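Novice: The residues making up each chain are set out below.
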Amino acid sequence: MNSSDTLSPPLRTTGQTATKADTRRTLLPWAAGPAWFLAALVTWRWPDADDFPDTSQLAALFLAVGLGLTAAAALHRLSARAPWAIALGLGFTAWEIAQAKLLWLPRPFFGTPQDLLDVFLTDWKRLGDSLLHSLGLLAVGYGIGAVLGVAIGVGLGRSVRFRYWVRPLIRLVGPLPPVALLPLAFVLIPSSRVASEALLALAAGFPTTILTWSGVAAVDPAYYDVARTMGARNRFLVLRVALPAAMPQIFVGLFMGLGVSFATLVVAEMLGVKSGLGFYMQWAQGWAAYPNMYAALLVMSLMCTGLVTLLFKVRDRVLSWQKDGLKW
Amino acid sequence: MVTHRPLGLQLTHIDHGYTIGGTFTPVLDDISLTIAPGEFVALLGPSGCGKSTLLRLIAGLEPPHGGAILAEGTPITGPGPDRIVMFQDPTLYPWRTVRGNVALGHDIAGRKDPASVAAAIELVGLKGFERAWPHQLSGGMAQRAALARALVNDPRLLILDEPLGKLDSLTRLTMQTELHRLWHDRGFTAIMVTHDVEEALLLATRIIVFSPRPARIIGDLPIDLPPHRHRDDPRLLDLRKNILVQLGHSADW
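The listed protein sequences derive, respectively, from chains V and P. If you use the UniProt record's numbering, the first sequence corresponds to residues 1 to 328, in order. If you use the UniProt record's numbering, the second sequence corresponds to residues 1 to 253, in order.
Just chain V, with the same shape it has in the complex (with noise of 0.2 Å):
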């Protein structure tokens, strides 16, 4: 039934070649190790170009991940990751040398990994304070959005004057983008936070809306038919028929919501919101201290890609009925 039940596993055509891949793959974990220890050796015994901090920190650094390595492929918890940590031990060693040791590209703009590492080390209090601030608001606006936006898209799907009233708002207001709003919001509401809550809540409820009207509206009669002929009344139709029926097309409402989230969130921090990770960049290009807005910028993608993940493990958990989705 599943197309991947049937897959085959590859053929293998000789033993020789057969013996060559099962080398390859016990011995590779074993050099992801020895990568970083070359990263390591490099920081530490090759003298930097400039009067960079922590080096003999970064330097301890990637003897400990080289060893956290070696007791991965000892454990035999190496395999699938073998070639990524290889390549990451060995590209942090050619960046080490390129800008830590010839200093090849022009300062401030580029950093080396020890810059990187400094902000870490030494504002890390005011990173995680934006971090949470970023989420604090993300959380809020795009929770109400997304709780809004299924409600707004289910009485779309299901009622014709609920459909008459809403609709037209929806068709002027839904396609703006939410930060053609910002301005007019930080005027009209006086906390720029509640301006961008309501901003974000924007952002995440026209995909959502639509998506979940979509969805509802493409349930088939006859599932209404069969909860009504066992005297199901409308709460039953729309809260255990029309939702969970709709539940894939409401995911990607709440995936594309999350995506104009994050862009809203970024511009409002920017413009208005005078904390979180989009305020922590503009500062940090104001002071032209590139390495903060690096680390930022890594911070913020973890974030994006933290919550993506989140949203997909929670609809692989509510929609395992599904034959086959989308692995994230």
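What the hints contain is simulated information worked out from the structure, not anything from laboratory work. Only a predicted model underlies this, so the values are computations on that prediction, with no experimental measurement involved. From the three backbone atoms N, C-alpha and C, an ideal C-beta is built for every residue, glycine too. Any given hint might turn out to be false.
[Said to hold, decoys possible] Which chain V residues face chain P? A few, computed with CB under 7 Å, are given here: (1) A217; (2) A218; (3) A222; (4) Y224; (5) R228; (6) T229; (7) R235; (8) F236; (9) L239; (10) P244.
Fit chain P to the given chain V structure using the hints.
Specialist: Relative to chain V, chain P alone:
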């Protein structure tokens, strides 16, 4: 899970139709019919004649334009759990397991009765598949699950809208036997739409023959045979010839 008191129905002068693209199409024309409690009535007729519409009216999914449908003297105003429909497609909810689908009627009524759900699943031969998702079932298994979902409500009237129409012929034979056994053991009233004359002859105590749309009743044949019939019974062959003539096929067909 034993059905008490099968439901009797009185249909008087039912008219019905649909407006499609601005033009009104009559579908049912002056249908009057009395169904006694415990009967197994088969509705036969050319395809598209309005038999399924009649079932929707009896189920209470739509009100008729004209006439009245009485269940034991009380007009039917809406769907009710004593009149359960089994459709041509199993229409299982893909987000519920077999067990969840069979328990649908209980969920709607707001009660929990896992024992009767398990019993209904066992009755249709799906024991061991309680946790399967609908997409993992074959067509016959899905239709069995739909049957269990209907039976768990302990219906007094089972409304069957060509429930075996899409099954392969072997599965169909088995399901016919099981439907007959269930009706015989549980004693509910059954109304079944079918295109299969042989199926009607095998299961029904009475066959109603409809004209092409708008449907009128053109034949009402009691099948006066013992409940356990053999498919090759010569009396069935005679009846079959008779019905095919009523449906417009010549006698030497």
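Novice: Now, for every hint given, state plainly whether the structure supports it.
Specialist: Okay, the hints, checked on the actual structure:
{"no.": "1", "hint": "A217", "verdict": "18 Å, violated"}
{"no.": "2", "hint": "A218", "verdict": "13 Å, violated"}
{"no.": "3", "hint": "A222", "verdict": "5 Å, holds"}
{"no.": "4", "hint": "Y224", "verdict": "9 Å, violated"}
{"no.": "5", "hint": "R228", "verdict": "5 Å, holds"}
{"no.": "6", "hint": "T229", "verdict": "4 Å, holds"}
{"no.": "7", "hint": "R235", "verdict": "10 Å, violated"}
{"no.": "8", "hint": "F236", "verdict": "6 Å, holds"}
{"no.": "9", "hint": "L239", "verdict": "11 Å, violated"}
{"no.": "10", "hint": "P244", "verdict": "4 Å, holds"}
Hint violations for this structure: numbers 1, 2, 4, 7, 9, all remaining hints satisfied.
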